[in-house]
Amino acid sequence: MSVGHPSLLATGPVARPPRVLVADDQAPILDALKLLLGDEGFLVDTVRSPEALLAAAEAKEYDAVLMDLNYSRDTTSGREGLDLIPRL
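Take the sequence shown: its position 86, counting from 1, is numbered 86 in my numbering, and each next residue is one higher.
Don't read these hints as lab results, they were simulated from the structure. Just so you know, these numbers come straight off a predicted model, no measurement behind them. All C-beta atoms in this analysis are idealised placements derived from N, C-alpha and C, irrespective of residue type, glycine included. Be careful, since some hints might not be right.
[To be verified] Per label pair, the in silico range of CB-to-CB distance: (1) D83 to R16: 29 to 37 Å; (2) E80 to A59: 18 to 26 Å; (3) G38 to D74: 25 to 33 Å.
Please take these sequences and the hints and turn them into a complete structure.
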């Protein structure tokens, strides 16, 4: 019998798995994280742009957000993602 991750065990009849929003502009990264986190019992939603990230966060309540910091090609400063944090 598999017990799963201790922090994901239900504490009562209305408990639900933690919901995570993952944002990245690369589909393979989204696919990998959805598979990895889903196998650990998380409910995972994915988006591919800063605009979609903000829309998803407005539409649902999430327990955590994992997001890429760079969305524009050849950008490595992390400024795009850091600028989104106060808007979340």
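Report task. Enumerate the violated hints, using their earlier numbering and listing them in ascending order. Result -> As far as the earlier hints go, not one is violated by this structure.
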